[in-house]
Every structure is written in C-alpha cells, then in structure tokens.
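Peer 1: From first to last, the protein sequence lines are chains A and B. Each residue of the first sequence is one higher than the one before, starting from 1 at the first, in my numbering. Each residue of the second sequence is one higher than the one before, starting from 1 at the first, in my numbering.
The set of hints was computed from the structure by calculation and includes no laboratory data. Hints are supplied without guarantee of correctness; some may be wrong.
Capping the alpha-carbon separation at 30 angstroms, the derived lysine-lysine pairs in DSSO-like fashion look like this [said to hold, decoys possible]:
hint, chain 1, residue 1, chain 2, residue 2
1, B, K85, B, K221
2, B, K111, A, K19
3, B, K85, B, K180
4, B, K85, A, K19
5, A, K11, B, K111
6, B, K221, B, K175
7, B, K111, B, K85
8, B, K214, A, K7
9, A, K131, A, K19
10, B, K111, B, K214
11, B, K85, A, K11
12, B, K62, A, K131
13, B, K214, B, K275
14, A, K131, A, K7
15, B, K221, B, K275
16, A, K260, B, K62
17, A, K131, B, K85
18, B, K85, A, K260
19, A, K7, A, K260
20, A, K131, B, K180
21, B, K111, A, K7
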Amino acid sequence: MRWTMVKAVIKADLYRLFKTRDYWIPLLILGGMFFVVLPAILLGAMSTVKQTNAIAQIGDIIGTLPAAIQANIQGDNPATRASYAFAVYLLAPIAIIVPLTISSAVGANSIVGERERGTGEFLAHSPLTVKEIYVGKLLASLIPGYAAGIVGFGLYSIVVNLIVGGQIGRWFFPTTSWILLVLWVVPPFIAIALSLILRLSARVRSAASAHQASSLVTLPVILMSYGVASGLLYSPVISAAAAGFIAWIIAAILLATGAKSIRRERLLGVSGDL
Amino acid sequence: MTDAITFSSVHKTFGEVTALESVDFNAPAGAVTVLLGPNGAGKTTTVRLTTGALIADFGAIKVLGLDPLEHGDEVRSRVGVVPPKPAFYDQLSGWENLQFAATIFESDETKARAAAERFGIDHALDQEVGGYSTGMKTRLALARAVIHDPEVLMLDEPTAGLDPESARAVLDLIKEMAGKGRTIVMCTHLLHEAEGVADQVILMDEGSVRTSGKPSDLARKYMANPIVILDAEDSSELSAVTELDGVLGVRSDDGLHVTIDSLDRIPDIVIELVKRGVRPTRVEPLRPTLEDLYFEMQRTHRESQP
C-alpha cells in the first residue's frame, strides 16, 4: 500500500468536506451542543441551584454509584459533589457519541457518494488499489470525527474547570481515565463503526440508504461504547487499557477484511450484488 | 503491427442482462480503433473491461501484453480513460482535481499544467468545477486522461453534448496522440466523428461485434459496387434509370442513389437519360462515408438473420 496515494484520497475528501459548509456546519453545531452548551447549562444549573430537595435528589443518584467511585468524588458540599460526579462520570459517553456520529455521517456517504457523483468511474479506472481507496476513505471519515472529539474534549475540559473547578478550588479535569478514554478507547470504537459503515456504503444504492443503514450500525456501537465509557470511568485505569486493547484488536480484524467490500464494479455502480 | 488490446471470446453479464457476448477484437498498437454502435451495444462495458474496472465472466483480455485481472494496477497506470459523462469533485477547483489525478497517476504538476493548456482549460483552473459547463468539464477530463502520457487512450463518447470547438479539440487530440504512436480506442455512436480518424472500425450491436476492419476494406466488403447520386428537374422521370445497362439497384435518399457496376457507366447513363428527355441537375459519385457503411453493415446483418 502506497501512503502517498492514501494521503491523496484523504486530502481530496477532507478538502471537499471542508468546502461543503452545508455538511459540516450541522455537525459542528452537534459537537458544540454536546461538548459545550449542554454541559455548561447542566453544570451551571447544578452549581447555582438553591433548591435543597433538588440537591438531595442528585445526592440520591450519586448514592447509587459504587462506593469506590463515591470516595473519589470531590467537593465539600452536595452541589459541588453532584457537579463533579456529572462532569467526570455521567457525561463521559459524549466523548464517544459525538465523534462517532460525525464520522458515521461522513463515512456513510464516502463510497456511495463517489458512485452517485460519477467520480467512482475515475477511481475505478485509476491505478489506486482498492486497499488504498478503502484506507483513504476510512481515515478521511475518521479524522473529522476524531478531531471534533479532541477539540470538543478540550472545550469540555475548559467548561468543566471553569464551572466546577472554581468550587473545588483547582482545575481537576481531565482525569487519567478521561485521557485514556479519548486517546486509547475512542479511536478503535470509531474505527469499528466505520469499517462496518464503509462496507454498507460500498453496497447500498444511494447515499440516503447509506445514512439509514449506518444508523443501524452506529446505534449498537454507541450503546456498546456508552456502556464501556461509563464502565471504564468507574473502574481502575487498567480496565480502560484492557478495553481499548480489545477494541483495537476487533478494529484491526475488521479493518483488515474491510477492503474486500470495495470492488471496482461497485464504484461504477454496475455490480449485480450491490 | 502488434496489438495493444486483445479481446478473445469475452463474455460479460449483469444479472440476467448480457452486456457482451463472445466478443473478439484486436486494437493494433499506434492505431485509432473506433467502436461504433448504438447505445447499449456494449461499448462502455468493453472500455471498463479493458482497464479491469469490470471483470469478464469468461474469455481472455490482454492490454499491452498484460491481463487486467492480474496486473490491473499496472494496466490502469498505462491507460487513460475519458468516460462518457466526466465527473469531478465539484467543490474542488479544476486545478485541485488535476492535482489529485497527477498524484494518483504519479505524474507531476508541470504535466498537469501543460495538459490543461493543451485543452484550453488553464484559464479556469482556479474555479470550482461545479461551475463548469459541459464543454469545460470534457476539456478537463481530457487533460486528466493524458496527465500521465498514457500508452493507450480510451475515449467513451467523448464529444457527447459538446460544442463544436470542444468536439474539434477531442478529434485533434486523437490525431495528435495517434501521431505520437499512441493507441486510441474511441467509442461513439456518432458516425461523422469517426470519419477521418479511424484506422479500424468495429461495429458493435447488442453486445456482439458485427464486423470489423479498415474503413476502406469495409467499404469494399459492404459497398463493393459504386453508387452515383442523381437528381433532375423532374425527379419522377429518373425512374427510367432502372432500365439502363449497368444499373444494379436504386433507392431514394436525398436524391436517387443508383448502384452501378462501374463508375465508367456514368457518362453513358447521363447521355441516355438526356436522350429520354430527363434534365439532370445532379450527378455525384458517392464517396462512402462511415454512416453509409454503418447502415449498410446493419442492413446486411439484419438480412443475414434467419
């Protein structure tokens, strides 16, 4: 596999995406809502809430967490402890949901989009190998989602530290578990979803079908990752490393076999088994 | 002359539809081969099989001595294709599209710029392709197809929807590339555009090769007897020509097309018609065009069917 070719595919796709504002602005809004607006409203409300019964209800929720977690929750009053718990433990899945949603939206269109535009004919007649096309398309789909995740993670950290850090007395976020989650666990989950979505994108007849079908893939992966993300933050760091390792193995297997789904006749749109 | 492309008993189906049925043909290296046929004849499928973009159900294909199935990447790096409806990344500029092609065909920006200038699209390279006209897109597609100086150039309906100037640019390219010893395969259903460029014509219909050969050989084969076009002040009087010596047949088509056994008969025919009171206004030996050949070949094929 020639990385120069893969980079050319990635560059063309990303540049095209960058120039298609109608496509990425909604995704940007989605990321902004999940990483900044909703946490700011939620944590801000929790920090300023004066109703003791509401604080008590949140305290009840914290009380359901494992004892080891409760011991790690910082803050010297119920409101601060509730905000800390939400920031560190309960909002963790957004670290996976947002990048996964963005990458899925880009990936679903990647192969079938070439076919619909007619540019698949050019790729089919080109000396690019199907593996180079596949890896290029996969990375071009993964990069926007993951980049959005990293940027969103940074913004989320600022929001959390500004709102909750002031009450605790220091900037405490990100925690080690969150860093592991974002750098080690999220990438393979996106790769797993994308490897499945690209297979679909190569087979379906229209971009609309690809988006519908990709949601069937994305939903279970989101649910699975939601559970993993939540669980990892409750468990020792070693669990996060192990979960990430397993996810990487699954991703590697799926990625290694995924290139077979791209056939030149599918790029042309004439395959009998689309 | 060696063959750049060889198809031997090639068969291709899509589901229950047979696109190609036992197709045999050779495209000699350095020559211009024209695949001629109506829509649905199998011309585009032939192009796609040549680069290995499609895989034949059975039969053998060789391109520059290589099997596209086994050495597809090498074949595709040595072949340029202009598809029937050239498509680009519309959000990217013409130059960005050419840069992408230059990278994947392992060419360089100097050649990309030269190709754009060659087809007169260099002035619009900074514009997004989405704003290009059909003619501009075709010019860009031509530039993209030759960016790596291919040994074989395949043009699939290259002048479809083009203005005359762009269509001329295509035909000029064909002549230029052929002059450099490149192999050209052009698919078309427009007979006039194959005129003057074809070294070999392959007539396809319903997924089969009906006939093939040099235009002059085909003319001798299918139009062995000369034709003279006659017209007169009163064209109804021309019916008398059927009674004259050497006349083998007549048909009306923009004048009376009279098939004769020799061009030497023309003066005698004119004299005899004048004697019978006919006042001729047109006496023109027909130089067979590809269009004439095409319809003659089609007619011969239909008549040979049981």
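Peer 1: Hint by hint, note whether the structure agrees.
Peer 2: For each hint, the structure was consulted:
1. Among the hinted pairs, K85 of chain B with K221 of chain B is inconsistent with the structure: their alpha-carbon atoms are about 35 angstroms apart, more than 30 angstroms.
2. Proposed proximity of K111 of chain B and K19 of chain A is supported: the alpha carbons are some 26 angstroms apart, at most 30 angstroms.
3. Between K85 of chain B and K180 of chain B the CA atoms are separated by roughly 26 angstroms; this keeps the pair inside 30 angstroms, and the hint holds.
4. The straight-line distance between the Cα atoms of K85 of chain B and K19 of chain A is roughly 23 angstroms, inside the 30 angstroms bound, and the hint therefore holds.
5. Taking the CA atoms of K11 of chain A and K111 of chain B, the gap is about 20 angstroms. The hint holds against a cut of 30 angstroms.
6. Between K221 of chain B and K175 of chain B the CA atoms are separated by roughly 26 angstroms; this keeps the pair inside 30 angstroms, and the hint holds.
7. Of the pairs offered as hints, the one joining K111 of chain B and K85 of chain B holds, with about 23 angstroms between alpha carbons and a cut-off of 30 angstroms not exceeded.
8. Between K214 of chain B and K7 of chain A the alpha-carbon distance is near 46 angstroms, which puts this suggested pair outside the 30 angstroms criterion.
9. A distance of roughly 26 angstroms separates the Cα atoms of K131 of chain A and K19 of chain A; the hinted pair therefore holds under the 30 angstroms criterion.
10. Of the pairs offered as hints, the one joining K111 of chain B and K214 of chain B is violated, with about 34 angstroms between alpha carbons and a cut-off of 30 angstroms exceeded.
11. Between the alpha carbons of K85 of chain B and K11 of chain A the distance comes to roughly 24 angstroms, so the proposed pair stays at or under 30 angstroms and holds.
12. For a cut-off of 30 angstroms, the pair hint linking K62 of chain B to K131 of chain A stands: about 24 angstroms separates their Cα positions.
13. With a CA separation close to 41 angstroms, the supplied pair K214 of chain B and K275 of chain B exceeds the 30 angstroms bound.
14. Our distance criterion of 30 angstroms between C-alpha atoms is met by K131 of chain A and K7 of chain A, whose separation comes to about 13 angstroms.
15. Between K221 of chain B and K275 of chain B the CA atoms are separated by roughly 35 angstroms; this puts the pair beyond 30 angstroms, and the hint is violated.
16. This hinted pair checks out: K260 of chain A and K62 of chain B have alpha carbons roughly 25 angstroms apart, not beyond 30 angstroms.
17. The suggested pairing of K131 of chain A with K85 of chain B holds, with an alpha-carbon distance near 26 angstroms, which does not exceed 30 angstroms.
18. About 27 angstroms separates the Cα atoms of K85 of chain B and K260 of chain A, which keeps this hinted pair within 30 angstroms; it holds.
19. Between K7 of chain A and K260 of chain A the alpha-carbon distance is near 20 angstroms, which keeps this suggested pair within the 30 angstroms criterion.
20. Distance restraint check for K131 of chain A and K180 of chain B: the Cα-Cα separation of roughly 35 angstroms exceeds the 30 angstroms cut-off, and the hinted pair is therefore not satisfied.
21. Between the alpha carbons of K111 of chain B and K7 of chain A the distance comes to roughly 20 angstroms, so the proposed pair stays at or under 30 angstroms and holds.
The structure does not agree with the numbered hints 1, 8, 10, 13, 15, 20 stated previously, though it agrees with the rest.
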